[in-house]
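K.L.:
Note that the protein sequences, when read in sequence, are chains H and C. Residue numbers for the first sequence follow the working numbering, so the first one is 1 and each next one is one higher. Residue numbers for the second sequence follow the working numbering, so the first one is 367 and each next one is one higher.
No wet-lab data here; the hints were simulated from the structure.
Only part of the chain H face toward chain C is listed, based on derived beta-carbon distances under 8 Å:
{"hint": "1", "residue": "Ala323"}
{"hint": "2", "residue": "Val324"}
{"hint": "3", "residue": "Val330"}
{"hint": "4", "residue": "Leu339"}
{"hint": "5", "residue": "Val341"}
{"hint": "6", "residue": "Glu349"}
{"hint": "7", "residue": "Ala352"}
{"hint": "8", "residue": "Val353"}
Residues from chain H that face chain C, not an exhaustive set, calculated with beta carbons under 10 Å:
{"hint": "9", "residue": "Val314"}
{"hint": "10", "residue": "Asp337"}
{"hint": "11", "residue": "Arg362"}
Bear in mind the structure is a predicted one, so any value in this text is a computation, not a measurement. Ideal Cβ placement from N, Cα and C applies to all residues, glycine included.
Number of protein chains: 2
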Amino acid sequence: MTSDAGSPGDVDHLWAVIPAGGAGTRLWPLSRRTDPKFLHDLTGTGRSLLQATVDRLAPLVEDRVVVVTGEPHRAAVRRQLPALPDDAVVAEPSPRDSMAAIGLAAALLERRDPEAVLGSFAADHVITDPQDFRRVVRRAVGAAREDWLVTIGIEPTGPATGFGYVREGAALAGHEGVHVARAFVEKPPAEVAAAYVASGEYRWNAGMFLVRPSVLLDLLGRWHPHFAVDLRRIAAEPSLLPDLWPGLPRIALDHAVAEPAADAGRVAVVPGAFGWDDVGDFASLAGMLPADRDGLRVLGDATAVRAVDATGLVVPAGGRTVAVVGLDDVVVVDTGDALLVTSTDRAQEVKAVVAALQEEGRGELL
Amino acid sequence: MTSDAGSPGDVDHLWAVIPAGGAGTRLWPLSRRTDPKFLHDLTGTGRSLLQATVDRLAPLVEDRVVVVTGEPHRAAVRRQLPALPDDAVVAEPSPRDSMAAIGLAAALLERRDPEAVLGSFAADHVITDPQDFRRVVRRAVGAAREDWLVTIGIEPTGPATGFGYVREGAALAGHEGVHVARAFVEKPPAEVAAAYVASGEYRWNAGMFLVRPSVLLDLLGRWHPHFAVDLRRIAAEPSLLPDLWPGLPRIALDHAVAEPAADAGRVAVVPGAFGWDDVGDFASLAGMLPADRDGLRVLGDATAVRAVDATGLVVPAGGRTVAVVGLDDVVVVDTGDALLVTSTDRAQEVKAVVAALQEEGRGELL
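Isolated chain H, as found in the complex:
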């Protein structure tokens, strides 16, 4: 773990909540339903995205970690995180999107630690400067303790159309580097994204929130009262989980709480510029890996790759020798039962292949 020179130790009562879900469809065939993105080492560091997420947070939270994952992944998560306490992994009976996942963790923490501040961080993102990330989180915790729903807004490095944005408002008195959030906005078209970035007022919404559990659940209760009640009932009596869970709405925390709370003036934003990437597709993945002298990037065993005048990304995960000759910006992902060949600029369209396989009933490949 990176040391935080000049920083204090862990943050009292800060709990990391890590929703570990999502199949990572655009990273097929590397990421599968049964072996999703967060379980993979996508950075060549020897640590999975989930492990790196926990490593990054550990100096802030020690072992105050709650990973919320699907029942099918519980065992794999435990294997990857053997040092965590047994109750650190909460299994959802079925996927119910981020509000249910983070809301359940909030309801559990509300009972467990009345002074808790919950920080939610996806299990499958990459951050290149963890020390700066932690500095920003510390800043956010201060505002969260004063009952703000605090989001970390990523300084855009370009006019991305694949992320939602959060618009920054006035500075929050008494909290250096913290602003009121005016609104969350959906993924914009290109020209709108360019205007957002040019204005200097917009940050990417990376889905990172810091909030007191009671504040989160009370906000949820304003717009979805039954949802908040059911989450608190489950926390009070865990045996109700199998009965109540299937009835919870499938909705993202952003829509259920963050957007209306911003409109109600309850959201604060802390800008961060610590090298964030959601590893959304193979182009994004390629961008994070070092290139060889010809410009080719390899995730995995580079000795399995023979390249002649080729740039792009090769993932030799199928145990085969992979030869690439005379192609620029190619993406080759080889696995035991499926092979993908595309280009970095078409990498998003891998979704279409997954959709076709799904439609044809080839679930064993998904």
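Fit chain C to the supplied structure of chain H, relying on the hints for placement.
P.N.:
Showing chain C alone in chain H's frame:
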């Protein structure tokens, strides 16, 4: 087998000699040393190139076939051609290029059938109009019976730089469609090839020769007397093969006999335009396969391929699902232990990969 409407039956004393050698390096990883090109079905017809070669010749020669192959391939050749007599497969103790292979068959046939005409045809070429091919061969046999070394010259379909050419001279009296050959010329640079094709006098040298065995061996004896003597000694006493074979020169029939014989006015050429292809690389292979409506060609099980907006060639020979997204003129060849990704216009450079693997001692992949 295709019927030859309006043609007579088989050609008395015509023997097909089929040299089956060469690793097909530019078709790696499909073609391997241990499983070379001629053993593969590269046309999706269910017949290997070798089998298709024999099928194509059968109406002319019935079972008068001699396949000359390397000792390591003898069993595979016999398995693919179970209907041939046992002595139809001659195994070379080691590779000694085409003069030794065809010369050995000539020496054997010289003793076996004094009236024989030998027609040599590579085991790994494709011909799209076998009936027209056979019409041309019948024409060539007539000149061969009069002691010409007859080559079939392919009408160029473009200024190819990958083949040698044969230059046509005066018509041969009494033989419709047969000309004296003025000279063989080596693979030309592009501008020379264009001039050859524009002149109308040049044909591609496809390595197809028809000749009486004694004529071939006597011509060989003019320029390589020991070579001819040794071949005839082996034919007279086959137990000498292991001793004499390693001492035979490694030389192509073209250089050893055809070129000097053309200079000596002993070669005739019969033009042919029956859709010939040497399947020299994956671009050539792609050109022979039907495209789907999007322009993608698949050799093998098309249901294993999921393509989105892709053209080129996919060979799914590794038992995996192969997805190709947003690439034009791509070449993807998937096998059990090696994968090649390139483009049709760089397909020739596969040689560089094979050379690198060789140098690194990865012989198991070659």
